[in-house]
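There are 2 protein chains.
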Amino acid sequence: MTPTALARIALGWLAEPGTWTVYWLVRRHGPLAALERLLAGEVADPALRASVAARLAAGDPRAAAEAAAEHTVRLGARLVTPEDPDWPPRLADLERLWGRPAQRRVDRELAPPLCLWLRGGWPLHDVLDRSVAVVGSRAATPYGSHVAAEIGCGLAERGWTVVSGGAFGIDADAHRGALGAGGPTVAVLACGVDRPYPVGNTALFDRIAEGGLLVSEWPPGAAPLRPRFLTRNRVIAAATVGSVLVEAAARSGATQTLGRALALGRTAMVVPGPVTSAMSVGAHELLRKYPESRLVAGVPHILEEVGRIGEDLAPVPRGPDDPRDRLDDEAALLLEAVPLRGALDVEQLAARAGVDLRTVLRKVPLLEDLGLLVRTDAGYALAPRRPRRADLT
Amino acid sequence: MTPTALARIALGWLAEPGTWTVYWLVRRHGPLAALERLLAGEVADPALRASVAARLAAGDPRAAAEAAAEHTVRLGARLVTPEDPDWPPRLADLERLWGRPAQRRVDRELAPPLCLWLRGGWPLHDVLDRSVAVVGSRAATPYGSHVAAEIGCGLAERGWTVVSGGAFGIDADAHRGALGAGGPTVAVLACGVDRPYPVGNTALFDRIAEGGLLVSEWPPGAAPLRPRFLTRNRVIAAATVGSVLVEAAARSGATQTLGRALALGRTAMVVPGPVTSAMSVGAHELLRKYPESRLVAGVPHILEEVGRIGEDLAPVPRGPDDPRDRLDDEAALLLEAVPLRGALDVEQLAARAGVDLRTVLRKVPLLEDLGLLVRTDAGYALAPRRPRRADLT
Numbered sequence: 001m002t003p004t005a006l007a008r009i010a011l012g013w014l015a016e017p018g019t020w021t022v023y024w025l026v027r028r029h030g031p032l033a034a035l036e037r038l039l040a041g042e043v044a045d046p047a048l049r050a051s052v053a054a055r056l057a058a059g060d061p062r063a064a065a066e067a068a069a070e071h072t073v074r075l076g077a078r079l080v081t082p083e084d085p086d087w088p089p090r091l092a093d094l095e096r097l098w099g100r101p102a103q104r105r106v107d108r109e110l111a112p113p114l115c116l117w118l119r120g121g122w123p124l125h126d127v128l129d130r131s132v133a134v135v136g137s138r139a140a141t142p143y144g145s146h147v148a149a150e151i152g153c154g155l156a157e158r159g160w161t162v163v164s165g166g167a168f169g170i171d172a173d174a175h176r177g178a179l180g181a182g183g184p185t186v187a188v189l190a191c192g193v194d195r196p197y198p199v200g201n202t203a204l205f206d207r208i209a210e211g212g213l214l215v216s217e218w219p220p221g222a223a224p225l226r227p228r229f230l231t232r233n234r235v236i237a238a239a240t241v242g243s244v245l246v247e248a249a250a251r252s253g254a255t256q257t258l259g260r261a262l263a264l265g266r267t268a269m270v271v272p273g274p275v276t277s278a279m280s281v282g283a284h285e286l287l288r289k290y291p292e293s294r295l296v297a298g299v300p301h302i303l304e305e306v307g308r309i310g311e312d313l314a315p316v317p318r319g320p321d322d323p324r325d326r327l328d329d330e331a332a333l334l335l336e337a338v339p340l341r342g343a344l345d346v347e348q349l350a351a352r353a354g355v356d357l358r359t360v361l362r363k364v365p366l367l368e369d370l371g372l373l374v375r376t377d378a379g380y381a382l383a384p385r386r387p388r389r390a391d392l393t
Numbered sequence: 001m002t003p004t005a006l007a008r009i010a011l012g013w014l015a016e017p018g019t020w021t022v023y024w025l026v027r028r029h030g031p032l033a034a035l036e037r038l039l040a041g042e043v044a045d046p047a048l049r050a051s052v053a054a055r056l057a058a059g060d061p062r063a064a065a066e067a068a069a070e071h072t073v074r075l076g077a078r079l080v081t082p083e084d085p086d087w088p089p090r091l092a093d094l095e096r097l098w099g100r101p102a103q104r105r106v107d108r109e110l111a112p113p114l115c116l117w118l119r120g121g122w123p124l125h126d127v128l129d130r131s132v133a134v135v136g137s138r139a140a141t142p143y144g145s146h147v148a149a150e151i152g153c154g155l156a157e158r159g160w161t162v163v164s165g166g167a168f169g170i171d172a173d174a175h176r177g178a179l180g181a182g183g184p185t186v187a188v189l190a191c192g193v194d195r196p197y198p199v200g201n202t203a204l205f206d207r208i209a210e211g212g213l214l215v216s217e218w219p220p221g222a223a224p225l226r227p228r229f230l231t232r233n234r235v236i237a238a239a240t241v242g243s244v245l246v247e248a249a250a251r252s253g254a255t256q257t258l259g260r261a262l263a264l265g266r267t268a269m270v271v272p273g274p275v276t277s278a279m280s281v282g283a284h285e286l287l288r289k290y291p292e293s294r295l296v297a298g299v300p301h302i303l304e305e306v307g308r309i310g311e312d313l314a315p316v317p318r319g320p321d322d323p324r325d326r327l328d329d330e331a332a333l334l335l336e337a338v339p340l341r342g343a344l345d346v347e348q349l350a351a352r353a354g355v356d357l358r359t360v361l362r363k364v365p366l367l368e369d370l371g372l373l374v375r376t377d378a379g380y381a382l383a384p385r386r387p388r389r390a391d392l393t
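Chains as they are written, first to last, in this note's numbering: chain R, 1 to 393; chain G, 1 to 393.
This is chain R alone, in the form it adopts within the complex (with noise of 0.2 Å):
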């Protein structure tokens, strides 16, 4: 590990990971000038003076970080820095918070983090690239675990990565979701990523450590003590083109990253629920309170949003022979609604794609003569053709 890297985690040890006067010190002189700067007291803030005394008086932050490079090392774990090219450019967008108030328990929204954990094997950056977040309740109902595995498998189909948390409930279906339809999905921790939490997660991270990432801003060993779920929240709203909220009781956590994903100009959707359900009355309140987070009612609305976005921020380049180009909204979403596997009837096609019959049955020929889809016995499914994945992943 470079000298920079374990200054970094050094820095991590002396600070919690979000300290704003600890940031910009390494934005300015950099891990190792910062990390002189730390240890010799010349920092403006008392308060932060105070605590890496503190913090001093119980350890060798230079030993500490040897310790956890090798702990990092002996897992099979990696630390991705902004030195490298697989860092997130995304995560720098969280300096546009800084001096914000946050929104609830914690005062002030926190400074980007200074490194991260990677378990598994896929390039961070890559797999972040086309991204969302799906987050919600630990306390799910069957119908937001089914949404939320729904959202997860039709995101993985088409490409996209999902990102969530690790707990129980919308988190979890989700990954299930993206890992059945072929993965990848990250789970970011608030904890090391060698310590599962919540412990009844074990097999799914080792699935998801497998067929996507666990990513922490804390090295191996770290308990998830509970500030650093709200800590943690911030990435995963800052890492993704947008926020998919799928259940949530009033006022929650996960409320809490949704409007953090619309301060830092992410899309924020919102699955809405029976009225009649108190999981959905976050949900519905998010709505009503923001007017620019939006209505999704699952994976076609997701990508009408974040499609969007996607695009101004990396523009594909496509051949002008696209028969896709030519297809108009109703016809666009249609086609997004069949999955890369199987077929579906017109019913299912029209459910999906959140169109009436009629729509489907007057834009199937169409889509069927630009050859992009074929009925089959079972159904419609997409037509053979070049694979549409590699240009997306």
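If you are wondering where the hints come from, they were derived from the structure by calculation, not from laboratory data.
Since the structure is predicted, the reported quantities are computational estimates derived from the model, not experimental observations.
Ideal placement from N, C-alpha and C gives every residue a C-beta, glycine not left out.
Watch out, some of these pointers could steer you wrong.
Among the chain G residues that face chain R by a calculated CB cut under 8 Å, a handful are [to be verified]:
hint, residue
1, 147
2, 249
3, 250
4, 251
5, 265
6, 273
7, 275
8, 278
9, 287
10, 295
11, 298
12, 354
Here are a few chain R residues that sit away from chain G, every Cβ distance over 12 Å (derived from the structure) [as the list claims (entries may be wrong)]:
hint, residue
13, 123
14, 246
15, 249
16, 366
Could you slot chain G onto chain R? The hints should help.
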């Protein structure tokens, strides 16, 4: 019946209600002179001249009007015209839609009604003054039926009139809810007020005629022709302060009523539902399409929306000693959630008000101190006081 009223009936017999040329003739020259001109063929529009000529070949408009007037009296029904103080002033807002393309099936928006037939004893203007339209699908799910009945009941409990059509499903559920709470409720029909359609709702229509009003712009005996339902919808949108959509399939007639409510400057409110339900597709579509539309999860949200507007339109004078004036938004919302009759425990209160339990526990002591709430064995109930209902209706 006055000659003016008879002229209006004759005009409606000569040309289907909603015809702009007839409406503007009446506005400029009065009903009697407008009828003379139409009978003399003095109209520029050749299509209207031709259809009037065809009607004249089939009968005498003045005799038809006399017959309709007698029929009306015989039934115990009444006619209301813009010359009466009981005419609802909001209907004139439909003039604003002149020349606007309509949303579907009809090419253009239609003119305000020329006159209205009523069955039931309530004064029309008073009943509509504080009214909310509740519209939705005929093929309602049990979820939609439950929500529509709850909304009908909750609005009636708080002195608001429900306005809807006469169809099965959401229309009927909203009326039943309102009647159960003591009404009044108003059904606007696409046929004569003596002609129950659908026949299966006959008993409901009789109850509405007793506890509210049946309203139609077609004379007794008129048949429920298909285009009349869309013509009728504009009265529902225009006569009310706002419209609530409970359940609708993709692009249904009910979503069109909401679009027209928005065009008229009314509040368009939408109850979301499970995204897995085809009967909520239209509701979600609407929330996505119109950023001005408002998601509502129940009566407290509806009152929040229309209450504001209702106060803008007609400020309710209040003594300075009303303790309600001292409530913050959350306490007011909570108080609105308490039914006029019966009691609720804190969890039911939280669910109905759409706030979390902690808020209820924090605000309830304040409401008790102000003498607005009392604790009973069955839970919290409104404190006995001067009836508030009288101020509202």
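(message) Are any of the numbered hints broken by this structure? If so, which, sorted upward?
(response) 5, 14, 15
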